[in-house]
Amino acid sequence: MEIRELQGRLREMYYEKDEVRGVFATFTWLVEEVGELAEALLEGDEAQVEEELADVVAWTFSIASLKGVDVEDALRRKYGL
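Just so you know, UniProt numbering puts 54 at position 54 of the sequence shown, and the rest follows in order with no gaps.
Since the hints were derived computationally from the structure, they do not count as laboratory data. Treat the hints with care, since some could be wrong.
Here are the simulated DSS-like pairs of lysine-lysine, each with C-alpha atoms no more than 30 angstroms apart in a straight line [stated by the list, open to error]:
(1) K67 <-> K78
(2) K78 <-> K17
(3) K67 <-> K17
Label-pair restraints from in silico Cβ distances [said to hold, decoys possible]:
(4) A47 <-> K78: 27 to 35 angstroms
(5) E51 <-> R11: 16 to 24 angstroms
(6) G8 <-> E50: 18 to 26 angstroms
(7) L53 <-> R11: 17 to 25 angstroms
(8) V56 <-> V20: 17 to 25 angstroms
(9) E12 <-> V56: 17 to 25 angstroms
(10) V34 <-> M13: 17 to 25 angstroms
(11) V20 <-> D45: 31 to 39 angstroms
(12) G80 <-> Q48: 30 to 38 angstroms
Note that the structure is a prediction, hence the values are computed from the model and not measured. Don't be surprised by glycine CBs; every beta carbon is placed ideally from N, CA and C.
Please work from the sequences and hints to get the whole structure.
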């Protein structure tokens with residue numbers, strides 16, 4: 001799956017709720033997931049690390065969609081991909 005396709009699918013699933021919640025509240029969800037990732041890393045729970053990484057990516061994409069950022073384009077510009 002391409003990055004743009006993933007962002008589009010996540011947007012279809014979550015954008016309405018994210019828009020109502022707002023970007024700052026959505027950001028707080030991302031921060032919570034980063035904390036859960038930290039716990040999983042400290043505990044050495046590889047299955048939980050995988051799950052939390054997916055959550056961090058999904059919430060990051062939600063914020064990008066709320067701000068009108070195309071993640072694929074942003075990565076290309078930033079890292080020359």
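Results for each hint:
1. For the hint pairing K67 with K78, the CA-to-CA distance comes to about 17 angstroms; that is within 30 angstroms, so the pair holds.
2. With a C-alpha separation of about 29 angstroms, the suggested pair K78 and K17 falls inside the 30 angstroms cut-off, and the hint holds.
3. Under the criterion of a C-alpha separation no larger than 30 angstroms, the hint pairing K67 with K17 is consistent with the structure, at around 14 angstroms.
4. In this structure the supplied range 27 to 35 angstroms holds for A47 paired with K78, their Cβ-Cβ distance being about 30 angstroms.
5. For the pair E51 and R11, the supplied restraint of 16 to 24 angstroms holds, since their beta-carbon distance comes to about 21 angstroms.
6. At roughly 23 angstroms, the beta-carbon separation of G8 and E50 lies within the given 18 to 26 angstroms, and the hint holds.
7. As the Cβ distance of L53 to R11 is approximately 20 angstroms, the hint placing it in 17 to 25 angstroms holds.
8. A hinted range of 17 to 25 angstroms for the beta carbons of V56 and V20 is consistent with their spacing of about 22 angstroms.
9. Against the hinted window of 17 to 25 angstroms, the Cβ-Cβ separation of E12 and V56 comes to about 20 angstroms, which satisfies the hint.
10. Taking the beta carbon of each, V34 and M13 are about 21 angstroms apart, inside 17 to 25 angstroms as hinted.
11. Remark: the range hint 31 to 39 angstroms for V20 to D45 is upheld by a beta-carbon distance near 33 angstroms.
12. For G80 and Q48, the Cβ-Cβ distance of about 33 angstroms falls inside the hinted range of 30 to 38 angstroms, so the restraint holds.
Checked against the numbered hints listed earlier, the structure breaks none of them; every hint is satisfied.
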